[in-house]
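**Q** So the chains spell out like this:
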Amino acid sequence: MTQHPPGAPATLFEKVWRAHVVKDLDDGLTLIHVDRHVTHEVTSPQAFAALDAAGRRVRNPELTFATPDHMVSTDPGRTDQTVPGGTEMIQALRRNAGRHGITLFDLGDRRQGIVHVVAPQLGIALPGTTLACGDSHTCTVGALGVMAWGIGTSEVEHIFATQTAVRRKPRTMRVRFDGVLPPGVTAKDMVLHLAGRIGTAGATDCALEYAGTAVEALDMEGRMTLCNMAVELGARYGMIAPDDTTFQYLAGTPYAPKGELWERAVAHWRTLPTDAEAHFDIELSVDVGDLAPQVTWGTSPQDVVSIDGRVPDPATAGDETRRRSMERALGYMGLEPGMDLAGLAVNTVFIGSCTNGRIGDLRAAAGIVKGRRVAEGVRALVVPGSGIVKEQAEAEGLDRVFKDAGFEWREPGCSMCAGFNADKVGPGERCVATSNRNFEGRQGPGARTHLASPATAAAAAVTGRITDVRHLER
Amino acid sequence: MEKFTVLTGIAAPLMRPNIDTDAIIPVAYLITTTRDGMGKGLFSGWRYDRDHRERPDFVLNRAPYRHAGILVAGENFGCGSSREHAVWALKDFGIRCVIAPSFASIFQENCIKNGVAPVVLREDEVRHVAARAEQAPDQPTTVDLADQTVVANDGREFRFTMAPSAREALLLGLDAVGLTLRHEADIAAFQAADRAQRPWVYAV
Ligand code: SF4
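Chain order of the listed sequences is A and B.
Numbering-wise, the first sequence is residues 64 to 537 according to our numbering.
Numbering-wise, the second sequence is residues 178 to 381 according to our numbering.
Derived from the structure by calculation, the hints contain no laboratory data.
The structure presented is a predicted model; accordingly, all values stated were derived computationally and were not measured.
Hints should not be assumed to be uniformly reliable.
[To be verified] 30 Å max Cα-Cα, derived DSSO-like pairs, lysine-lysine:
id	chain 1	residue 1	chain 2	residue 2
1	B	Lys217	A	Lys232
2	A	Lys78	A	Lys321
3	B	Lys217	A	Lys487
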């Protein structure tokens, strides 16, 4: 790894890393302070149990936040009741948070929601901080200039007990998106396109920074969509330099600093962006000027084409392994080489998740849905990413737009993203989803997932088919 | 934690690339508050049909691979979700080592914390080990972590490397939390200094 003497040009990542070094350990490892630890009901129970078994306590409960999201029912009027076993997990989180003095955003609290929606929205994730959570999409909040990463349960336990993590400094990569996004094309299309271009291992183990004029032009929601899927490219961290868009987003949020402390914080945050001369191990640039809406055809986020594209032919694959995995994906998805993606009939449309369950996403979808109806036979869900998103959407009347069109308007949670709760796609059914993974069985056993933007998902809902939203725009 | 030194066992070849943690342990098996009994969910989407009958052609349903201690897989093994349950499932099934050309990083870290060895060999070497395990299923493969070698069941030996800290953690079965707690004074000192530098971080 490149050594960075103090004062030398540094990347955003390097600056945040440096500010969190507790101690250099052997073998290139570093003990890193974790400023914020966010936890949920799926990856924490075994960590709390291990903590108890060793007679240890949560070292800094005031830096730890919890909310149930994966298992929760999203039915209107919900209680703790959810799929078998899930209720116990929600209740275990409540019990463990209470015992350890951890702030919990519980069911019924407007602040409850998907961890990666809640943490930035409440100002828990702040520029220049480190944040860990037992979930691979923790990189989402890197959009605010946070060094944020996903961990497994043993690491959750480690951070509970020590407020630190043992990390190896990653390689760095910068992807510049320049140009102006055409109408109907969004941050989701940018990152899906990138997945198609570099593959799911294209940024393996990297600290990935997104930069360029097209990134600067995005609102926070769009930036979070980009960083959310950094893990789908293999990256450990996805980051964007904080700027006025970031500060405006955070100002006045419950956990952001106030008054004089806010001024001091912002002054510090302005020093964080990557220096002009800083070095990256890998650099890439993408022009978004002629980007089209993207949709996946296979069972990996890299299996993606433009909406006017066709299902690729495995015979054209570069090697035998790729050919076989393409064949397998086509078999699973029930597709033939050369088919048009546009026009494929869908059974289900899911708008939500930590990728696209924020207010900006719901506005974009509602913009397409307004004055139209969900196509006959299609089940369409909108699931706000948090109670606050839901409240905001209702204040703007978006819930009416969706409900009048025949969408289900549900309570916040992970919902149909990963099949943890009762919201699932049936075997063999085709779903256009705004989430981040189209793995086999991800949305339910045998479910066929096509990843796309909220606008493209909304277009699929109202036409009953995978549709080029640009032909629907008014 | 259980130490990992030398493992001689049946190797099961599963040579698909990008085997994700959703495939290793589907969501249904994550709905629990304990680590126990995960093995029954291992690869369940591939091991069982919709009526939960075993699919006879899936590798782990074939004797002697049912008793595999080693899994040989394609590149980018363990990608996707951070669920540590994937490692618990492998371990509960009896698999203590995965050999692949590359691993997803969260999965790799989770392995080390649970006494499961993620061993990286070159693609052609992985193919050799897998092909041999296919040809002579009953002949065991050996993984020696102290020596950092894999011996395929035809006697061919391949060297691998692993980060010294990861290797030591596996060899000695170290408790990561206990190790870090030895630095408690440094952690406290960091926080005290940082609180002065960046008070807003602690003003929660
Ligand atoms: S919305 Fe989906 S990807 Fe995001 S945290 Fe929930 S299950 Fe994971």
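**Q** Each hint should be assessed against the structure and marked as holding or not.
**A** We went through each hint and held it up to the structure:
This hinted pair does not check out: lysine 217(B) and lysine 232(A) have alpha carbons roughly 36 Å apart, beyond 30 Å. Between lysine 78(A) and lysine 321(A), the direct Cα distance comes to roughly 24 Å. Compliance with the 30 Å bound is thereby established for this hinted pair. A hinted pair counts as satisfied when its Cα atoms are at most 30 Å apart, and lysine 217(B) with lysine 487(A) qualifies at roughly 22 Å.
Violation of the numbered hints given earlier is confined to hint 1; every other hint is satisfied by the structure.
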